[in-house]
Structures are given as structure tokens and as C-alpha cells.
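Given chain G's structure and the hints, the job is docking chain A onto it.
2 protein chains.
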Amino acid sequence: MTEIAKYGEFGLIKHLTKDLKTVQPSTKKGIGDDCAVMDFGSKKVLMTTDMLLEGIHFNLEYVPLKHLGYKAAVVNFSDIYAMNGTPTQITVSLGISKRFSVEDIEALYSGIRLACERYNVDLVGGDTCASMTGLTISITCLGTAAAKDIVYRNGAKLNDLICVSGNLGTAYMGLQLLERERLAMSQSTPNTPSTPNTPIAAFEGREYLLERQLKPEARRDILESLRKVGVKPTAMMDVSDGLSSELMHICSQSGVGCCVYEDKLPIDFQAAALAEEMNLNIVTCALNGGEDYELLFTCSLDDYEKLIPVEDLYIIGHITKPEYGCNLIGRNGEEITLKAQGWNAFD
Amino acid sequence: MTEIAKYGEFGLIKHLTKDLKTVQPSTKKGIGDDCAVMDFGSKKVLMTTDMLLEGIHFNLEYVPLKHLGYKAAVVNFSDIYAMNGTPTQITVSLGISKRFSVEDIEALYSGIRLACERYNVDLVGGDTCASMTGLTISITCLGTAAAKDIVYRNGAKLNDLICVSGNLGTAYMGLQLLERERLAMSQSTPNTPSTPNTPIAAFEGREYLLERQLKPEARRDILESLRKVGVKPTAMMDVSDGLSSELMHICSQSGVGCCVYEDKLPIDFQAAALAEEMNLNIVTCALNGGEDYELLFTCSLDDYEKLIPVEDLYIIGHITKPEYGCNLIGRNGEEITLKAQGWNAFD
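Chains as they are written, first to last, in my numbering: chain G, 72 to 418; chain A, 72 to 418.
Isolated chain G, as found in the complex (with noise of 0.2 angstroms):
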């Protein structure tokens, strides 16, 4: 028998989706990007698909349920806006156990309304069962888009522009944050009258990590920009594992290398300030941290121009031919080459 954690999540999915064939004519793409792509009729529809587990995804210690099923419902649109397509409905599929009341689950589901409203989305459906353990939320979106805008990752060509929204690695240092006074408080024993440095205090000045981990946001306004000024990406997808693996993604699928820069990836203040405390390297987090759900995108070098308006968003290196591999350029001016890291919970 083989362990799951041999193959990982990547290499599982691949595994068991190597030969697949697709037999309808409406399936324009299957496994393999953000979204599948449909053919309908006039427009082609998008579907992408997430889930969350207790334990794995999310920790209900210092999670509150509403910005729980905000971001449950946000990461599947920025499926969405990663292919250039519009979120247009959603379903959502809850395992609650017996430890939930309904209280609890109206809370989820506000946050999952909120989400909606906020990016005009249409909750269309679900199933509610029962669990034996925890929580397990699981959404599907569909979008739309018209066929010449959708954006797929294996379009990125030599001396593309690589670009990035945002920063990169603040999702992260939220999380470190929330985990450091998670267990601060857990190793004080209980019958210890309450210290000055509450988490609440602890938390000041730094409520931007904890906005990005527990209520992040998906890019449509980038989507928005580039249309604005005419650009088209070549290739996109959003964050969710770490731009290293991101950009493995790309290169591989598009049959490209790519060179990044250190000094120009873009890091927030509090994340980097928060990094040097907890003795973390903010580049590693930045590379490997996840969740961040900002676009990365690659474009033509003729659209340079266009993109120097764009606010919040950063060109954080180029594309290269395949032999160069996918390297980051030190601020030493040294190569190291990326890995993809990314999350592998089977291990």
C-alpha cells in the first residue's frame, strides 16, 4: 500500500486524473487550472470547487464562523476572477456535528451571504448533513465569461512580464500571529487572573495580518484596472500556495522558466516587522506562505507601459526560456532555484 503522503496533494490529484478523457462538447477544459470551462451557449461558464475541513484549513479557536464562510465563499471566487471570468452563483455543502448550534451555522452562513452580496453572487443551492466531527464546508462556483477574455495558466511566453497584486506572505504572518496567542493562552493555567497582554492587546497595530488571514479579498479590482488600461494577461492564477508553486505552475504549463527578483516582490510593513520578531525569514513566507489570493499574472512586455498606472500591483520579474528552470535572483544578486512547497497536510 502507498501512503497518501508519498504523492502529496498535487501528485495525488494528478495520479488519479492522468488518462482522464472528457466526452461532453460543452467541456472546453477540465482538470487542470482554477476553473473547468464550459460551453453552454453564448457564454462559457466557469466552475471551480473548494473545501475546508476543521483541523485542516481552519482552527475554530481563533476563526470566528462568520469570517469563516466570508472567505470559504471568497477563495472560490477568486478561482473565478483568476481565469478573468465573473463569479455568478455558488452552492455550498455543510457537514456540521452535533457540538454546533444553529446560531453558529447562521453566523457561517452570514458570512457566506455577506460574500455574496459583496460580489454579487447568487447562493443557488447546498446540502446540510449532519458530521461526526467538526465542521466541513465545501462550495462550488460558477462564473461566466466571454471566450476571447478567459485566461488560462498555459499562456505565458518568453520575456513576458511576470506581475503580482497586493503583498505576498501577509496571509501567513496572520496566521503565526493567531497560533503565537493561541498558544500563549493555552499555556497559562486557567485559574491565573487575566495579564495585562490580553490577545486583544496583542493583536494592536496589526489587525491587517489578521484581516488577510481571516477575511481576505479577491481581485476583481485588478481585473477591473487592466481592463481600464487594456491589458490582457497571458497567463493568470490567483495565490493560494505560495507563489513559488504558483509560478511552477505557469512555467510548467505554459513549457517556460522564469527569473523573480527579491527586491521586488511586494512585502507589507507589519508582516515583514512581525517576521523579523518571530525570527522568520519574510522572503520564505512571501514564497511558501499561501493564502494570499492576489493575482499573479504574466503579460506582454509591450503592455510595460499601460501596467505603470495600475495601483497595487507589482512586476516582480520576467519569463525565460524553459532550460533556465524557475529561479529567484537574491538581493545579493544570487540564484536560487524555486521549489514548490506548498501544503501538503498528508504529510
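By construction, these hints were calculated from the structure, which means they are not laboratory data.
There's no promise every hint is true.
If chains are identical, the list can't say which one is meant, so a pair holds when it fits in one copy or spans any two.
Heads up, simulated DSS-like pairs for lysine-lysine below, C-alpha to C-alpha not over 25 angstroms straight-line [said to hold, decoys possible]:
{"id": "1", "residue 1": "K377", "residue 2": "K299"}
{"id": "2", "residue 1": "K169", "residue 2": "K77"}
{"id": "3", "residue 1": "K169", "residue 2": "K85"}
{"id": "4", "residue 1": "K137", "residue 2": "K92"}
Same frame as chain G, but now just chain A:
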């Protein structure tokens, strides 16, 4: 705080979604039927989702993983057929704990893929992640239908015939058989040599009951037959929670009552024999057993003649005025009010 058991599954969904509005022009039908209905162009798109949790929906002590995968896919197809549509694509999300091997997940996937092949459905995406506890399967299915062909739950009219395919309560009796053997196995001490009454012997001649529980099929053949004879149902559902529960859904959504006859309910001989052996009332099993995945529909009384040549289809009653409620007429003419026992694992 309110215990979830107070609401039950249907109550909880209703409570959570009671004032939910849709905003997308492409959303034609949201929550409340077997599928959501979207309009993306020439054809309508149907969407449904189901979640299966270990210990709640299946017991791996007697459910082979390949069968489980097959069933998980087929129950979604059944929801699409229950709208008179054709399933076209699925996404599969899995939560997998460490006790599963790659071979286990291959077996599960092989069942899903077999179902996809048999029903011409494309597997177009999904999510695979580690789980702290047990196996979680969440499948979402898309399908298509011409607008004029879609059958909702709310179209039943006074005097319409009520029809059901196949037989009822058989999947439930299959489950009873499996449970009985599981208990017998667990009670025999590990050191006792196997007796002549091995599980395999106990299942002999009862393979059909097991098949109905472990490897159900979706009744697309019934829809094909109805198309051939030119009958379009006025309301339709698949029987997943039990006949009583489904009849009450159709009646409440259509604003009608119904009358079904005990002696018209299609009961399998093996199922009836096992029920007698186990001291169970087979009619109660047929009404409340669930998991039969047969089609329940209403159609105009004018279609009566056309229905006669359709194989494996049974007229079990008719639609009444709403004041009459939902009633079963017993073998001695007694009137019994139907109750939706359904499935309430929150209790």
C-alpha cells in the same frame, strides 16, 4: 443556543435560506428544487451538489470504496434527471485521513469514473485535501436541459396521476441486511473459527437488495421511455429521502394534496421477505426508507393511456385538493396521514 436537532435538515436549510434573494440574470431557479437552474445562453444549466460523510452516510466496514465512488456520483446524476435534464459535468472534492492509502483513493475514483463513463459525464475538477477524521466526499454536478423540458417540483395539478419507477424500500432493506451482518460479525469473538453462516452465505439470493443499497442507478431509462410515449411530467423528484417526504415536498410546493394507495406501492419480493424475517413493516420501509433514487412524478390524467406500455413504472395515486392533505389509503380502506420522517441525523 438552539440545538440543530430542533430544526432537522430541512428545517435548518429553510431557516438559513428563508430570505435569500438572487441577483444574477442567469439564475432562473435557486434553492428549493433538486437542482438550481441557470440560463447562460441557448440551453439551461442545472446544478446540484451532495456531500457524503463517513459514519453518517456510509460505513466502510461494508461499503467497498469503488461502490461508494459510483454511488456518490450517481446520486448527483439522479438529481439532474429528476429535473428532466442530462448530467454533463461533475467536480469531486475529497477530504482524506491518513488511514487511507493511494490504492484506497484509486478504488474510490475508479467508481466515480465508471459512473461518469456509463452516464457520459465529464469529471472536470475538484479539490483533494487531508482530513483529520475519516473520509468526506462532496460532488457537484452540472447538467443541461432545454427550457421547455425542465420539470420542477411545483407543477402538480388537481387530479394528476402520481407515478413512481422501480420499487421502494429496497435500498433500505439492503442496508438492514448489511447492518445485521456487521453486528453478527462484531459479536463473534475473533478466536472463533468461521462458522458455516459466513456473511457471504447470508447474502446469497439477496444480491439485489445489496446492489440497490451499494450501487444504485439513476433512472434515465424512465425519462427516455416517457419521451418516447410523449409524456412530460408536471412535477418530478427523485426518491432519496423516502416517498412520504418527497410527496410532501411536491404537494407543499405545488399547493395540492395527494392520495396514494398502499396496495399500489411497488415492493420488491426479496425486500418484503427480508422485512418479514426481520419483523419490519415493509410499507413503512417503502414510505420512509430512502436512497431508492427512483423517479417520483405527477402527470396529467389525460396521459393515462400513454403510460400503460412504459415498463417498470407504477401509478400509485393521484393529486387532490390541498385541504385533503397527504394521505395513504391502507389495504382496508383506512386513511393514514403521511409524515415526512426522512433523514434526521441531527437527532
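For each hint, the structure was consulted:
no., hint, in the structure
1, K377 <-> K299, "within (10 angstroms within a copy, 59 angstroms between copies)"
2, K169 <-> K77, "between (34 angstroms within a copy, 11 angstroms between copies)"
3, K169 <-> K85, "between (36 angstroms within a copy, 19 angstroms between copies)"
4, K137 <-> K92, "between (39 angstroms within a copy, 19 angstroms between copies)"
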